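Peer 1: Chains as they are written, first to last, in this note's numbering: chain A, 1 to 319; chain B, 320 to 638; chain C, 639 to 957.
Hints listed in this document are in silico derivations from the structure and should not be mistaken for laboratory results.
Note that the structure is predicted; figures quoted are calculated from it, not measured.
Worth double-checking, as some hints may not be accurate.
With a Cα cut of at most 25 Å, we get these calculated DSS-like pairs of lysine-lysine [said to hold, decoys possible]:
id: 1; chain 1: A; residue 1: Lys310; chain 2: C; residue 2: Lys948
id: 2; chain 1: A; residue 1: Lys185; chain 2: B; residue 2: Lys474
id: 3; chain 1: A; residue 1: Lys306; chain 2: C; residue 2: Lys940
id: 4; chain 1: C; residue 1: Lys925; chain 2: C; residue 2: Lys666
id: 5; chain 1: C; residue 1: Lys642; chain 2: C; residue 2: Lys700
id: 6; chain 1: C; residue 1: Lys822; chain 2: C; residue 2: Lys642
id: 7; chain 1: B; residue 1: Lys347; chain 2: B; residue 2: Lys323
id: 8; chain 1: A; residue 1: Lys306; chain 2: A; residue 2: Lys287
id: 9; chain 1: B; residue 1: Lys629; chain 2: A; residue 2: Lys310
id: 10; chain 1: A; residue 1: Lys310; chain 2: C; residue 2: Lys940
id: 11; chain 1: B; residue 1: Lys621; chain 2: B; residue 2: Lys603
id: 12; chain 1: B; residue 1: Lys603; chain 2: C; residue 2: Lys948
id: 13; chain 1: B; residue 1: Lys635; chain 2: A; residue 2: Lys316
id: 14; chain 1: C; residue 1: Lys823; chain 2: A; residue 2: Lys155
id: 15; chain 1: C; residue 1: Lys666; chain 2: C; residue 2: Lys683
id: 16; chain 1: B; residue 1: Lys629; chain 2: A; residue 2: Lys302
id: 17; chain 1: B; residue 1: Lys504; chain 2: C; residue 2: Lys793
id: 18; chain 1: C; residue 1: Lys954; chain 2: B; residue 2: Lys629
id: 19; chain 1: B; residue 1: Lys603; chain 2: B; residue 2: Lys347
id: 20; chain 1: C; residue 1: Lys948; chain 2: A; residue 2: Lys302
id: 21; chain 1: B; residue 1: Lys625; chain 2: A; residue 2: Lys302
id: 22; chain 1: A; residue 1: Lys218; chain 2: C; residue 2: Lys823
id: 23; chain 1: C; residue 1: Lys922; chain 2: A; residue 2: Lys306
id: 24; chain 1: B; residue 1: Lys635; chain 2: A; residue 2: Lys310
id: 25; chain 1: A; residue 1: Lys316; chain 2: C; residue 2: Lys925
id: 26; chain 1: B; residue 1: Lys504; chain 2: C; residue 2: Lys856
id: 27; chain 1: C; residue 1: Lys922; chain 2: C; residue 2: Lys940
id: 28; chain 1: B; residue 1: Lys323; chain 2: B; residue 2: Lys504
id: 29; chain 1: B; residue 1: Lys625; chain 2: C; residue 2: Lys944
id: 30; chain 1: C; residue 1: Lys948; chain 2: B; residue 2: Lys625
id: 31; chain 1: B; residue 1: Lys625; chain 2: C; residue 2: Lys954
id: 32; chain 1: A; residue 1: Lys316; chain 2: C; residue 2: Lys922
id: 33; chain 1: C; residue 1: Lys954; chain 2: A; residue 2: Lys310
id: 34; chain 1: B; residue 1: Lys635; chain 2: B; residue 2: Lys621
id: 35; chain 1: A; residue 1: Lys184; chain 2: B; residue 2: Lys474
The chain contents come next:
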Amino acid sequence: MDLKEIAKIIGAEYNGESIEITRMNTLKEATQSELSFVSNAKYIKDLSTSHAKAIIVDAKTKDAVPANSVALVVENPYYQMAVISRYFAPVIEDESLAEPMIGEGSRIAPSAVIAKGAKVGKNCTIMANVYIGSNAEVGDNTVLYPNVVVYRDCKIGSDCMIHANTTIGSDGFGFATNRMGEHKKIYQNGNVVIEDDVEIGSSTTIDRAAFGTTFIKKGVRIDNLVQVGHNCVIGEYSVLVAQSGISGSTTMGRNVVMGGQSATAGHLEIAPFTTMAARSGVTKSIKQSGLIFAGFPLMEHKLWLKLQGKIARLIKTEQ
Amino acid sequence: MDLKEIAKIIGAEYNGESIEITRMNTLKEATQSELSFVSNAKYIKDLSTSHAKAIIVDAKTKDAVPANSVALVVENPYYQMAVISRYFAPVIEDESLAEPMIGEGSRIAPSAVIAKGAKVGKNCTIMANVYIGSNAEVGDNTVLYPNVVVYRDCKIGSDCMIHANTTIGSDGFGFATNRMGEHKKIYQNGNVVIEDDVEIGSSTTIDRAAFGTTFIKKGVRIDNLVQVGHNCVIGEYSVLVAQSGISGSTTMGRNVVMGGQSATAGHLEIAPFTTMAARSGVTKSIKQSGLIFAGFPLMEHKLWLKLQGKIARLIKTEQ
Amino acid sequence: MDLKEIAKIIGAEYNGESIEITRMNTLKEATQSELSFVSNAKYIKDLSTSHAKAIIVDAKTKDAVPANSVALVVENPYYQMAVISRYFAPVIEDESLAEPMIGEGSRIAPSAVIAKGAKVGKNCTIMANVYIGSNAEVGDNTVLYPNVVVYRDCKIGSDCMIHANTTIGSDGFGFATNRMGEHKKIYQNGNVVIEDDVEIGSSTTIDRAAFGTTFIKKGVRIDNLVQVGHNCVIGEYSVLVAQSGISGSTTMGRNVVMGGQSATAGHLEIAPFTTMAARSGVTKSIKQSGLIFAGFPLMEHKLWLKLQGKIARLIKTEQ
Numbered sequence: 001m002d003l004k005e006i007a008k009i010i011g012a013e014y015n016g017e018s019i020e021i022t023r024m025n026t027l028k029e030a031t032q033s034e035l036s037f038v039s040n041a042k043y044i045k046d047l048s049t050s051h052a053k054a055i056i057v058d059a060k061t062k063d064a065v066p067a068n069s070v071a072l073v074v075e076n077p078y079y080q081m082a083v084i085s086r087y088f089a090p091v092i093e094d095e096s097l098a099e100p101m102i103g104e105g106s107r108i109a110p111s112a113v114i115a116k117g118a119k120v121g122k123n124c125t126i127m128a129n130v131y132i133g134s135n136a137e138v139g140d141n142t143v144l145y146p147n148v149v150v151y152r153d154c155k156i157g158s159d160c161m162i163h164a165n166t167t168i169g170s171d172g173f174g175f176a177t178n179r180m181g182e183h184k185k186i187y188q189n190g191n192v193v194i195e196d197d198v199e200i201g202s203s204t205t206i207d208r209a210a211f212g213t214t215f216i217k218k219g220v221r222i223d224n225l226v227q228v229g230h231n232c233v234i235g236e237y238s239v240l241v242a243q244s245g246i247s248g249s250t251t252m253g254r255n256v257v258m259g260g261q262s263a264t265a266g267h268l269e270i271a272p273f274t275t276m277a278a279r280s281g282v283t284k285s286i287k288q289s290g291l292i293f294a295g296f297p298l299m300e301h302k303l304w305l306k307l308q309g310k311i312a313r314l315i316k317t318e319q
Numbered sequence: 320m321d322l323k324e325i326a327k328i329i330g331a332e333y334n335g336e337s338i339e340i341t342r343m344n345t346l347k348e349a350t351q352s353e354l355s356f357v358s359n360a361k362y363i364k365d366l367s368t369s370h371a372k373a374i375i376v377d378a379k380t381k382d383a384v385p386a387n388s389v390a391l392v393v394e395n396p397y398y399q400m401a402v403i404s405r406y407f408a409p410v411i412e413d414e415s416l417a418e419p420m421i422g423e424g425s426r427i428a429p430s431a432v433i434a435k436g437a438k439v440g441k442n443c444t445i446m447a448n449v450y451i452g453s454n455a456e457v458g459d460n461t462v463l464y465p466n467v468v469v470y471r472d473c474k475i476g477s478d479c480m481i482h483a484n485t486t487i488g489s490d491g492f493g494f495a496t497n498r499m500g501e502h503k504k505i506y507q508n509g510n511v512v513i514e515d516d517v518e519i520g521s522s523t524t525i526d527r528a529a530f531g532t533t534f535i536k537k538g539v540r541i542d543n544l545v546q547v548g549h550n551c552v553i554g555e556y557s558v559l560v561a562q563s564g565i566s567g568s569t570t571m572g573r574n575v576v577m578g579g580q581s582a583t584a585g586h587l588e589i590a591p592f593t594t595m596a597a598r599s600g601v602t603k604s605i606k607q608s609g610l611i612f613a614g615f616p617l618m619e620h621k622l623w624l625k626l627q628g629k630i631a632r633l634i635k636t637e638q
Numbered sequence: 639m640d641l642k643e644i645a646k647i648i649g650a651e652y653n654g655e656s657i658e659i660t661r662m663n664t665l666k667e668a669t670q671s672e673l674s675f676v677s678n679a680k681y682i683k684d685l686s687t688s689h690a691k692a693i694i695v696d697a698k699t700k701d702a703v704p705a706n707s708v709a710l711v712v713e714n715p716y717y718q719m720a721v722i723s724r725y726f727a728p729v730i731e732d733e734s735l736a737e738p739m740i741g742e743g744s745r746i747a748p749s750a751v752i753a754k755g756a757k758v759g760k761n762c763t764i765m766a767n768v769y770i771g772s773n774a775e776v777g778d779n780t781v782l783y784p785n786v787v788v789y790r791d792c793k794i795g796s797d798c799m800i801h802a803n804t805t806i807g808s809d810g811f812g813f814a815t816n817r818m819g820e821h822k823k824i825y826q827n828g829n830v831v832i833e834d835d836v837e838i839g840s841s842t843t844i845d846r847a848a849f850g851t852t853f854i855k856k857g858v859r860i861d862n863l864v865q866v867g868h869n870c871v872i873g874e875y876s877v878l879v880a881q882s883g884i885s886g887s888t889t890m891g892r893n894v895v896m897g898g899q900s901a902t903a904g905h906l907e908i909a910p911f912t913t914m915a916a917r918s919g920v921t922k923s924i925k926q927s928g929l930i931f932a933g934f935p936l937m938e939h940k941l942w943l944k945l946q947g948k949i950a951r952l953i954k955t956e957q
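Extracted from the complex, chain A is given alone in its bound form:
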């Protein structure tokens, strides 16, 4: 897409030459043909080293844009990023791609739908009414139970099992809101990558990344009705028990356990071998590995047990 056209759509002044912009990306990951943005003061630190060809900023931030990038100055960069994200969204189903490839020994139910450009490995079982989108990939020996939906561009490894009615790669929950309180969708142009030996329960939802990838690492176990937000990284052999929810951009190390109905806020880092009891609510990053937590607000499990004792006594004193 021509940078001139982009500038026009978002209402930024740009009088330079035509430049072809291929994608949108974060400041850190954008390459020299890509568009990025600064939506929040805390990302200004990433500006000076960004390779993005053009960056959407507000007037205050304009001077920090590096010399090799074009500054596109607008009043509300986050909102204008949302406006332009639509133009970089791939088509939902790409009919121009090659016929899907199915590996030897795979059993595909007649009612399963596999879109063009998709690949299914060897000895897979793809059951009734499964949908596998454009360019999606499934490894070897993987079982997708009925009604599993895999959105376009998502990748599932080998030796995985995904239970019925689960969704891989639906859009992350992203939008910008203007002064009138109206929301503008941020198109979610990334994907989901699920590594080998992962089992996922039924009616679980794993959102695709806004940019980049939501990762479910090797050996992870996810139960039913779990929510994993966009751009999360779930570490090797981690365990997410039923009805837990992981907010966007949270990264966990290996062997983290999230108990039933527990949850995390977004943009956190959780150290390896951390265990969260059922109903834990995590609002800050966990730096030290190997600890057990409980409660909301979160505290170490042994403190939580003491607190419960105090509450019990508090109740009794007035009976």
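Based on these hints, arrange chains B and C on the given structure of chain A.
Peer 2: Just chains B and C now, with coordinates in the frame of chain A:
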């Protein structure tokens, strides 16, 4: 259905003439050919002004039924309302309706099922294994991702996007219980109306009204795994984050934000521009707009922060 | 499967004759052709009366194995039980079974998939894209809304209604973890039995038992987005409100009510006619019937109300 037959089924005495009853409805909304009921003393105030042709009541309430209505006196009006609701339920799929109408430019997957009497507008994308029931309607430019289910009579506006495995219009959770503890289903004969520019995530469930309509107003954003109960009204541009749950008959104004895993009780009113932090539990109506709440029981967010501080100190004093 | 082969796979010494082992089961329920295991010291009490032909144990427990059983001694019995469970898993779809049987008057959508060996009773409505697996059974007059998935061997009674995108019989969340933190799936070889007159909402998940059966008894009402873990028993006329979660092997008596977003730990017993308010978290068995509880940790509802009053005063004293 003949009023004589209705009386016989629910065990009420009625010796008048045959009267055709067309529907069941609430006291407030029932018209002169409809049947209503008083299941709870708090609705007696609506009796005197009701236009219902016949009203199921108990012996104590009988004399308050207006002169132009027939009182059908039973021991347990709520249970008998449930008994008779079954007779007013429309057939699940109405084969007598016209062939479905599909607007120009819409792309319907071959495996999608669109029932008779349904209408899909222009330039829609209806993906694999979607089900759209009898008399349901979808506006223009709307995307329904794979396996979305839209029950009969529900209406979805234009420029909407609904993600995979989401259900629009399943039955509200309604039943009456007798003295033996046995439940009798209250057939949910209303619908769901989703206005324009609404996005709904994956595996979310929005229940149809018992009578009347569950409304999702213009510009609303709903995340994954959210529950919206029957007869709710979700105000314009409101935001329901993942795993939140709105109990039946709760009405929220515009731009209400419900954080992740938050919930409301039923029959509440929530003022516009209210923000509920993650895990909030709302048990009373919120009258004043623009405030931020947290916790369960609910309190203003700034008080909740103070309370957390106190709890932290309480823990430390005994360490 | 030959006991010699089993011993070889799990690395246990066995020099006896060839014995055909037909299934895996719990110590209590195993018959004389079945394999069992002791994974936890608390089950040692069941050893002396077990009829299992062979029992996987560690060296410490070996001597408690009854004389008529073969002791298969390994270092980590739970992990080796997981290893061998795979060999007893039935095929996902058994093409050798008879064509499915459909009762008189049942209406099966053309896009529904009914596997071999399945039976559907009379006057059922099986809607679009429903999947009914091998050997599964559905009684009379039952309605399965679109995209319901019933896994193999599960049984659904008569006069039931199951709403869209709900999953019956997906695998329970079971695995053993070795010293490296790697998980090994415990194949879930049991089933789900749903008795008559049960209604289940949309996007609810009910897991099949590891061994034996997950029971949903007569007259139960289950709302949307509810999780029922493997080997649970939900008593007659019990009510599970939206987003509640019942952990594995919990048994409840009749007419238990679980409020919205409430949950139980696993392996509990809950007395009949117990009511849990919304968000209750149940961590211990409830012995006395007819009480009302709330909170997490759980307390009687009247105490919970007092506690809320104290918290309210605690907040006010510092304002």
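Peer 1: Compare the distance between the alpha carbons of lysine 629 of chain B and lysine 310 of chain A with 25 Å, and conclude whether the hinted pair is satisfied.
Peer 2: holds, 13 Å
Peer 1: Next pair to validate is lysine 954 of chain C with lysine 629 of chain B; report whether the Cα-Cα distance is within 25 Å.
Peer 2: holds, 12 Å
Peer 1: Between lysine 922 of chain C and lysine 306 of chain A, does the CA-CA distance stay at or below 25 Å?
Peer 2: holds, 17 Å
Peer 1: Is it true that the CA of lysine 310 of chain A sits at most 25 Å from the CA of lysine 948 of chain C?
Peer 2: Distance ~13 Å between lysine 310 of chain A and lysine 948 of chain C Cα, so the pair holds.
Peer 1: For the pair we were handed, lysine 306 of chain A and lysine 287 of chain A, check the Cα-Cα distance against 25 Å.
Peer 2: Answer holds: lysine 306 of chain A to lysine 287 of chain A is near 23 Å, not above 25 Å.
Peer 1: Is lysine 635 of chain B within 25 Å of lysine 310 of chain A, Cα to Cα?
Peer 2: holds, 12 Å
Peer 1: Could you grab the alpha-carbon distance between lysine 603 of chain B and lysine 347 of chain B and see if it respects the 25 Å cut-off?
Peer 2: Distance of about 23 Å is within 25 Å: holds.
Peer 1: Are lysine 316 of chain A and lysine 922 of chain C close enough, with their CA atoms no more than 25 Å apart?
Peer 2: Within the cut-off at roughly 19 Å; holds.
Peer 1: Is the hinted pair lysine 823 of chain C and lysine 155 of chain A satisfied, with a Cα-Cα distance of at most 25 Å?
Peer 2: With Cα atoms ~22 Å apart, lysine 823 of chain C and lysine 155 of chain A stay inside 25 Å; holds.
Peer 1: Is the hinted pair lysine 603 of chain B and lysine 948 of chain C satisfied, with a Cα-Cα distance of at most 25 Å?
Peer 2: holds, 18 Å
Peer 1: Holds or violated: are the alpha carbons of lysine 625 of chain B and lysine 302 of chain A at most 25 Å from each other?
Peer 2: Status holds; Cα separation ~23 Å.
Peer 1: Given the proposed pairing of lysine 635 of chain B with lysine 621 of chain B, does the C-alpha separation stay at or below 25 Å?
Peer 2: holds, 22 Å
Going down the numbered hints, you'll see the structure goes against none, and every one checks out.
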